[in-house]
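Protein chains in written order, with numbering that gives the first Met the number 0: chain A, 0 to 111; chain B, 0 to 447.
These aren't lab readings, by the way, just hints derived from the structure by calculation. Heads up, a few of these hints could be off.
[Unchecked claim] Calculated cross-link-like contacts (lysine-lysine; reagent style DSSO-like; alpha-carbon spacing at most 30 Å):
| id | chain 1 | residue 1 | chain 2 | residue 2 |
| --- | --- | --- | --- | --- |
| 1 | B | 227 | A | 39 |
| 2 | A | 53 | B | 296 |
| 3 | A | 53 | B | 343 |
| 4 | A | 39 | B | 292 |
| 5 | B | 292 | A | 53 |
| 6 | B | 227 | A | 33 |
| 7 | A | 39 | A | 89 |
| 8 | B | 75 | A | 53 |
| 9 | B | 296 | A | 33 |
| 10 | A | 39 | B | 343 |
| 11 | B | 75 | A | 59 |
| 12 | A | 39 | B | 296 |
| 13 | A | 11 | A | 108 |
| 14 | A | 53 | B | 225 |
| 15 | B | 345 | A | 39 |
| 16 | A | 53 | B | 227 |
| 17 | A | 74 | A | 33 |
| 18 | B | 296 | A | 11 |
| 19 | B | 231 | A | 53 |
| 20 | B | 231 | A | 39 |
| 21 | B | 296 | A | 8 |
| 22 | B | 75 | A | 39 |
| 23 | B | 296 | B | 225 |
| 24 | B | 345 | A | 53 |
[Unchecked claim] Chain B residues, not near chain A, derived (Cβ > 12 Å throughout):
| id | residue |
| --- | --- |
| 25 | 52 |
| 26 | 90 |
| 27 | 190 |
| 28 | 222 |
| 29 | 244 |
| 30 | 266 |
| 31 | 269 |
| 32 | 386 |
| 33 | 390 |
| 34 | 422 |
| 35 | 424 |
| 36 | 441 |
| 37 | 443 |
All figures in this text were calculated on a predicted structure; none of them were measured in a lab. We treat Cβ as the ideally placed atom computed from N, Cα and C, and that holds for glycine.
Residues per chain, in single letters:
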Amino acid sequence: MKKIEAIIKHYKLDEVRDALNKIGIQGMTVTEVKGFGRQKGHMEVYRGVEYEVKFLPKVKIEVAVPAERLEDIIKVIQDNARTGEIGDGKIFVSNLEDVIRVRTGERGKDAI
Amino acid sequence: MKRFLSILILIGLFSLASLGFAEEAPVSPSEVEQAAAAPAPTVDTGDTSWILISSALVMLMTPGLALFYGGMVRRKNVLGTIMQSFIALGVMTILWVFYGYSLSFGPDIGHVIGNLDWVGLKGVGLEPNPDYAATIPHQAFMIFQMMFAVITPALITGAFAERFKFSTYLVFLVLWATFIYFPLAHWVWGVGGWIRNLGALDFAGGLVVHISSGVSALAAAIFVGKRKGYGKEPMMPHNITMTLIGASLLWFGWFGFNGGSAVASGSLATSAFVVTHIATAAAALSWMFAEWKHRGKPTALGAASGAVAGLVAITPASGFVGPMSSVIIGLVGGVICYSAINLKSKFGYDDSLDVVGVHGVGGTWGAIATGLFASKAINAAGNDGLFFGNPSLLVNQLISVGAAWVYSFIVTLIILKLLDATMGLRVDHESELAGLDHAQHGESGYVL
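Construct the complete structure from the given sequences, taking the supplied hints into account.
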């Protein structure tokens, strides 16, 4: 099993969610996050005073997936989160030891 | 020291109060003579309605100011900032009743201050006082003027936002009102006041409210010192939406501030109402366009600040100028104030919420503009300004502006020096880092 963490733009969230839904992904966790990458921050001016906003708001989605479906899912996320502009985000993949469904106690793939 | 001071204040207030209660004076002989000589003034219900409504409108400006300022500070200081404005409603109201109204509008002593005849509102009843407003109950005039006394010191708080100690602030309110607001109000509006006698015009408080608070703000910003991390850490406004709600309430309340200053309903109140709105709209636009050109973006904070600058600028002129003059006063006001706030960083003081740039500069422009654009065609009781063929009014305006600047600046410095030596002006280092909300009030503005 793999865990995918994707940092994407806010306004791409619905597209990504719907596309993942279509290929049968049944759950995800979404968090509002802040950070910076190559896009860096931007300047804001309040009454003539400049402030550098160093961390930009993004959305992080977390999905647990069976290893064999990993590439399909990465592709769907990438296709739907992409605008081609700097700041589209990143997808992190890591190994997932176990998953437990709280209600039934099922474990592993069955619990995803 | 703290306890001693508060006890002293309480004793002072109670003794004043008892003075007021002790003498429910019967009508004095001189008053009877006056009444016999002139036809007794009668209360006009229309005028009274408008002044009572105006009083309520001006009252709402102080909570409006609280939100305007509250949105501009960091979230850890939102309640501390709001509280500094809101509590002025409490402190100034009681001061006004005990002795403030008497010092401001009571019988004149030497053209500089009212006497204590009206302490505890003694003799300030429901009959009109023709010296100030012949067609409304004296108490209606009193409560209308009270709302001005409430908001004026609250305006200053923007200069020392995010670092001033609340206990010291309460004493500052008392001292500032006593030694600056009440005398100034008397000079400009009180019968016998020297600026009033000079013939300088201030319809709704350019001098008394905006120059006094704006210049005191300059003294305070310099004397209190910068916020920790000023110029290094980001100190962005935490809620511009709140600031816009506040600016809108100020705009709304200002119709009472200026329109009510006619102290009657009718044509002059209408004229003041109309030019107030026009100048505000013009200044919101001119600030926005100036910023757009200068910085590349038209900001919401800029439009709101421009509106307030326009309200300030038109205030002294509002009863004396026509619609087209008010367009110019607003347009110029927005640009001048925008330029002033940009200069601030060059001078290096931390006037955190730009009280100097908006109220000091805007009020000064308004007082000068009154000397330029005033017209007897609008208000026969006023005067003609420079553009209507009378240069002498402008001279009087400049004298009054100079006097208000010098007096407010020096006396504010003295008050702050005194408070610095006794109570301390600023919260301690840890409290400033933690924020006023938690450190001074034990609350949080937001739970999430």
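Hints versus structure:
1. 227/B x 39/A: holds, 26 Å
2. 53/A x 296/B: Answer holds: residue 53/A to residue 296/B is near 20 Å, not above 30 Å.
3. 53/A x 343/B: It holds: about 25 Å lies between the C-alpha atoms, which stays within 30 Å.
4. 39/A x 292/B: holds, 26 Å
5. 292/B x 53/A: holds, 25 Å
6. 227/B x 33/A: OK: residue 227/B and residue 33/A at ~25 Å, within 30 Å.
7. 39/A x 89/A: holds, 14 Å
8. 75/B x 53/A: holds, 20 Å
9. 296/B x 33/A: holds, 24 Å
10. 39/A x 343/B: holds, 29 Å
11. 75/B x 59/A: It holds: about 27 Å lies between the C-alpha atoms, which stays within 30 Å.
12. 39/A x 296/B: Holds: residue 39/A and residue 296/B sit about 20 Å apart, inside 30 Å.
13. 11/A x 108/A: Status holds; Cα separation ~28 Å.
14. 53/A x 225/B: The hint holds at about 23 Å.
15. 345/B x 39/A: Satisfied, since the Cα-Cα distance of roughly 28 Å is no more than 30 Å.
16. 53/A x 227/B: holds, 20 Å
17. 74/A x 33/A: holds, 24 Å
18. 296/B x 11/A: Holds, at roughly 26 Å.
19. 231/B x 53/A: Roughly 13 Å between the alpha carbons, so the hint for residue 231/B and residue 53/A holds.
20. 231/B x 39/A: Roughly 19 Å between the alpha carbons, so the hint for residue 231/B and residue 39/A holds.
21. 296/B x 8/A: Holds, because 23 Å separates the two Cα atoms, which is no more than 30 Å.
22. 75/B x 39/A: Since the Cα atoms of residue 75/B and residue 39/A sit roughly 26 Å apart, the hinted pair holds (cutoff 30 Å).
23. 296/B x 225/B: holds, 28 Å
24. 345/B x 53/A: holds, 25 Å
25. 52: holds, 33 Å
26. 90: Correct as stated: the minimum Cβ-Cβ distance to chain A is 29 Å, above 12 Å.
27. 190: Given that every Cβ of chain A is farther than 12 Å from that of residue 190/B, nearest at about 41 Å, it holds.
28. 222: holds, 21 Å
29. 244: holds, 17 Å
30. 266: Since the minimum Cβ distance to chain A is about 38 Å, residue 266/B lies beyond 12 Å and the statement holds.
31. 269: holds, 34 Å
32. 386: holds, 31 Å
33. 390: holds, 35 Å
34. 422: holds, 31 Å
35. 424: holds, 24 Å
36. 441: Label holds. Min Cβ-Cβ 29 Å, cutoff 12 Å.
37. 443: holds, 20 Å
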